[in-house]
Every structure is written in C-alpha cells, then in structure tokens.
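K.L.:
With the hints as constraints, model all of the structure from the sequences given.
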Amino acid sequence: MRKFREAIIEKAILLNGFACILFVILIFVFLAKDGLTLFRTIAIQDFLFGKIWSPLAEPPQFGILPLFLGSLVVTLGATVISVPLGIACAIFIGEIAPRWMRETLKAGVELLAAIPSIVIGFIGMTLLGPVVKNLFHLPTGLTAVTGSIALAFMAIPTMVSIMEDAITSVPRTYKEGSLALGATHWQTIYRVIIPAASSGIVAAIMLGIGRVIGETMAVMMLTGNASVMPKTILAPVRTMTATIAAEMGETVRGSEHYFSLFAIGLVLFGITFLINFLSDMARHRKIR
Amino acid sequence: MKLKPQIKQKIAFALLGLAAVTVIVPVILILAILVQRGWPAISWQFLKEMPRMGMRAGGIFPAIIGTLCLVAGAISVALPLGILTAVYLVEYAKKNWWTRMIEIAIVNLAGVPSVVYGLFGLGLFVIFFHFGSSILAGSLTLAIMELPVIITSSKEALMSVPRSFREASLALGVSKWETIRCVVLPNALPGILTGSILGVSRTAGETAPILFTVAAFYLPRLPQSIFDQCMALPYHLYVLSTQVPNVRPALQYGTALVLVGMVFFLNLVAIIVRSHIRSRKQW
Amino acid sequence: MVEPKIVVKDLNIDYGGAPALKDVNFSVMDKEILGVIGPSNSGKTSFLRALNRLNDLDLACKMKGSIFLNGKDINREMDAEEVRKKVTMVFALPIPLPMSIFDNVAYGPRRHGIRDKKNLAEIVEKSLKAAFLWDEVKDRLSSSGMKLSGGQQQRLCIARTLAVEPEVILYDEPCSGLDPISTAKVEDAMRELKSRYTQILVTNNVKQAARVGDRVAFFLMGELVEINETDRIFTAPQDKRTDDYLTGRFG
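Protein chains in written order, with my numbering: chain A, 1 to 288; chain B, 1001 to 1283; chain C, 2001 to 2251.
These are calculated hints, taken from the structure and not from any lab test.
Incorrect hints may have been included.
Short, incomplete list of chain C residues facing chain B, as computed with Cβ under 7 Å [stated by the list, open to error]: (1) 2084; (2) 2095; (3) 2108.
We put the CB at the ideal spot given by N, CA and C, even for glycine.
P.N.:
Right, dumping it as structure tokens:
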C-alpha cells in the first residue's frame, strides 16, 4: 500500500518537473494565438518594418520599427553605461575591496536590485528628468537618454553579481602565477583574471541586456512616449514594452489594435528567448 | 608619457572605487529622498484608511491589502510547484536532453519581460479560463513569474544537503521518497525559505503583470473574493504619479516609501535568515 | 551442510569501462565475521556496495552476475529497500544525521512504520546497548548526535543499523578515522554481535582482520585471490600474492 502511494508521489514529482516546459509553451501559444491573428489583415513586413505606428489613425498603421528602434536605442544606451560601470564595480568588489567593505557593497548592490522598477521610474521622473532637461536645454527631460540612465542602474546589480561570481571563480593559481612573475595586481586583473572570467562576463552582459529590453514601467515613465522614429537620444522615444502597457487599456478586445499588441509581445518573447538561450550557452561553455 | 605600473595601478584602483561608489550612491540617494519627502505623509491613518477624493487624500489601505492578497496567492501556488520541480531536478532527473530542456525553460521563464507576462495572464487566465480581471488571475500570473526564483534557490538548498546523509538513510532500507521527505527537505528548508522571501519581495513590487489581470485604480470597497479585482501598491503609485492631476507630492512619495519599505523589509528578513542558517549549520 | 547466508556468483562490476571486480565467486556463512583485505582500488568497496545494492545509486556502475541472500537473488527477486533493511552498512566516516541521538537510532524503525513511543524507546535502548554506547549517552539522548566524538558517532551509526534488525551488517573501513581506544570498542561490539548477525568487514588494516575475522578474503585488482580461515591465511597462505601482501612486500 505504501509502495503504491510512493509511486504516485514520484509520478507527481516527475510531472511537476516538466511544468516549466509547459509554461513556456503556454506563453508562446497564447501570444501567438492573438498575435498571429493580426497577420490576417496586416502584412507581416508592414508590421516588422513599417515606420509609422499609429493605431488610432484612419487607416490605422501598425509599423513597429519606431518602437523597435526605440527599444534598441534605450537598450544600447543603458548597455553603454552599465557595462563599464558593472565590470568596474565587479572587479572592485571581487578583487580590491577589503573584506569588511565587500559585504557592505554586496548588500548595497542587492538593495539596488530590490528597488521595484515603478519606484525607479517615479524617482527618475521627478528627479532625473528635470536634471536632464536643464543639462541639455531640452523641451522635456523625458527622453531616451533618461530612460537609458535609469535602466542602466537596474541592469547593473544583475551584471555585477554574475560578473563578481565569474571573477572570484578564476582559480587562485592563475592569479598567483601572474603575481609571482612580478606583475602588479592591476596588471594581473586586466591581463589574466578578466580574460579568464570572460565567458561569465559576457553571459552577465547578455542577461543584463535581456533585463533592460524587457523593462516596462520605468521606461514608460521616463522616455516620453513619442512613437516616432528616434533621431537622437535626447528626444522622447517609445519602446515596445511601453507601447503594450500604455495602449492595452484603450483597446477593444478582438480589434486589430488588440492583436497588434499581442504581436509586439510575441516579438519581445522571441528576442528575450534568443538572448537567454545564447547567454545560457555562454555560461555552460565556461563550466566545461 | 610612460607611467610606472604602480602609478597606473593606483589610478586604476581609484577609478574602480569611483565606479563602485557611483553604483551605491543612488541607492542611498533614493532612500533618502523617499524618506525625506514621503515621511510626512506616513501616519497610521495613511496606512489604515480608505482613500478619499479620487485618491488625493486619505489612506492607501486597500492598496496594501491588495498587494498582500496577490503576494499570498502567488506564493501559495509557486512554492509547492517550485519545491517539487527542484526536488525533481536534484533528486530524480538524469543528465539527459529532457533535463537540459527543463533548465532552458526555467532560464527563459526568468527572462520573459513582465509586460509579456501581463499579456499571457490576460490571454490565459482572464479570457480563456474566464476568471476575469481578478485576484485569481493576477496571483496565478505572478506565481508563474515567481517560479524560476523559487526553483533556483530551492535547488541550491537541496544540493547543499550532504550526499552522505542520503546514503546513510538509504543504507537503512528507507525508500528514496522517505529519505527526501525526512532528511533532505527538512534540512533544505531554511534555504528554501530564503528563496521564497526573495521571490515574494519581487512579486510585491511588480506592476506590469497586474495591469491587465487584476489591478483597478479606485475600488469603493475591499475585495470580497478571489474573483474580485483589487488595488495594489505599485499600480497605485503609477496612477498617482502619472494619471491623477494635482496630487500632493507627499502622497506619491509616501506610497513609494511604503512599497519600498515593504520590499526592503522582506529582503532584510531574507538576508538575516540566510546568515542565521550559515552560522547554525551543523555540518 | 548449512546453507550459506550469502552466495556471490560470477560477479563482474565495471564503471564506464574500467573494471572493478572480475569473476568473483564465493559464499559467506551465517553468523560469521568475514574480513576483506587488500590494497586500495582492489574492488573491496565496490564488492561491499554491491551486497546492499548501494551501487544502484551510481549510474556509471554496470553489474553482471548474481548475489543471493538466503537463496534469493537480491537484484532480480527482491527490492532494493528490502535488501537494505536486511543488509545494513556502517561507513568509513561516521554519518550521524543532524538530529538527536534518540532520533538517529529511532530513524530506521520510524520510517519502517513503528510509531509506538514505548516500543521505540525499547528499541533505542537495546540498540545502543548492543553497540556499547548506552552507558555513555543514556542521560543525553535528546542532545544532537553530531556533538559526539568520532568513536561515539561511529557506535551511534552501528546502533542505528541494529535498530532496523538486519541479518547482515557490512562495515566499510569503519575504524579508519578512529583512535585505538575507539577502535577497540568498535571491535568489541562486533564480537558481541556475532551471535546474532553475519558481519562483513572491509579493512585496510590487516591486523584488524586477523583480530576480528573468522575467515579472511584477499582481493587484489578486482579479483578474489584467496579466501580461507583466518589462521590458515596468515600462517600458510596458498597464493604467493597473498603472502607478499601480508608480509608487506607491497601495500
């Protein structure tokens, strides 16, 4: 009797193991169900490469290129800021900071990670926006670069913790070998340790990028929401994520607009799937 | 100009230190500003009262309750699911293609943008299952979002239980499941707990997933059942700061402060539990 | 002729291509103490772990041949759990579970369904006495098992295996981490237990096998070279390799 009960429990555990695969498939299915419906009436190339996003116009235009480029510009900006800062911070915490400082810094980074994105968006809106506006003499402080700065700080904690792990996992023998040859600590860091930790660092960057592309609330509040082709980083833009969040409330279920938002969701899912896949590959190569 | 390596090092280290400071300073800054501008709004009434005048006055009680309901609902689904998945991966799964697929799926669930989760929740729970915009739909969406965090930390906790314990138990004729139930899980519990607390703190602060699945801005009364909509702190802050005109800034900062306070408190608890585990470990 | 307790027939074990045991054939008699000696990597531990099917846990391990306990094939006619209840093992490093002394010993019986408190208390006392540990811990049964000394922990592990009422007890170099006094206590326990259990002792310490064993088996590089009564093996070994090992020509 007990054997039977245990066999059932073990079967339940087995099924559970595959639950995650099921959820990923479900997400894809429900995005595709409504997203692909759009392509019954709109040509896919008009969607992907169209330069005008104007769902409420007559006739409605569903070109996501401005939104895609908006996401791209903000993401690139955030990456340019966060990668050097992230690597520098990770090196400092992993190699240079004395023990007492290390724990405090790590806690600080964890706290940064814990701040909800809506709060960062809120603070960015009330503080960072005016600063950017005054600094660059712009009509509004809600621009791509504002979004990039805020997003950089949201990506940094993820990057720092993975990079720091990668750096501290470099075998001590590498470091000691270099120092024994007379190299300074700094030379050892940039000549030996960083290259050895490179795949972990790359994986961290990709994960950070993935996080930034997927961010919704902070960008919605900080980048100005102008769904036009971005010409400069000092102007308002609109990202794909913000579009979905901002416009879903106004659409009618079952309308073209509704399907178009799901289609954007599908594109986002595809992008982050790819990035996560590649990042995971990079991480696994390092372990081998 | 050729600099001596030692000098290059000093410069490099100074710059690196500066980078670390640049990263940490915003945290302190944000906290300071929230406290400075939000504290005046905080009072027992603020926390316990219902809002008045279209959110421009009164308290945020329903938003707090809503957040608590959503978080409780999400963890009650994600925790058992997550622990069992972790048990499968650590104790039963063989190193084959299937297991790799599961791990890739977990990484992907962790990377899906929050707004896409919102769309998914809308499509599956609100519409397909006919739950409507409800606490049920919102909690389930948040649960799936929380799953990767719970699985990863549970996996670590299970793997930290020494292999010898399992062997000692099996060598007495105890079955595999009983060994897991009586030796492995109880000793992994503290680690699992830390992971769940962290998962809960993330869930509490999410806005996008609840936008289409549960959140409402102004509800005249508290939710009565899981099929009702509810308010939530992150959404409340969003609307207060972007949709409602003429709100006293203190109210906005106060709401943000309560949210951040809740999240930081949870993180602090998790950190304390984690260091308590490390010091009390008997092996 | 008394039926042997355990019969090993044509046992071959390899780990992903590297052979650990080759064509091992012999029997273990009921209620004897069998010492198993040989240099490292001679297959002694693989052999022991095959006897209670702990090798099942190792996915790389492939086994051919049969092992019979009381006439039944332990791989084909019995479940792993049944086998391990009857054939328990004491490991080289003591593994007290992170619980009280009482709970450690009561762990096995509880999992096998015994819930009655009085019953459990009796079993715990009986087992701790048989392992020569009762007097030292009877006043602190609720303190953690991990706080005991190495020798006490090992006797706790012996008590734990006795509590499930096995028929055979396997020892995998049980005294390797212990001081001489603790070792002596463990060996005393083994002698006491002889009247009720069959015991197989794998040891790197040849003298220990001589002190405790009724018969001794010598393994070398995966083969069973010789098995004989203790006196005969030490005074008149039949194989030259046995002689070389016992006299220390290699180790």
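K.L.:
Each hint should be assessed against the structure and marked as holding or not.
P.N.:
For each hint, the structure was consulted:
Given hint, residue 2084 of chain C at the interface with chain B, holds; its Cβ is 4 Å from that chain's nearest Cβ, closer than 7 Å. Taking 7 Å as the C-beta contact cut-off toward chain B, the hint placing residue 2095 of chain C at the interface holds, the least distance being around 4 Å. The criterion of a C-beta within 7 Å of any C-beta in chain B is met by residue 2108 of chain C, whose closest approach is roughly 4 Å, and the hint holds.
This entry satisfies every hint, going by the numbered hints stated previously.
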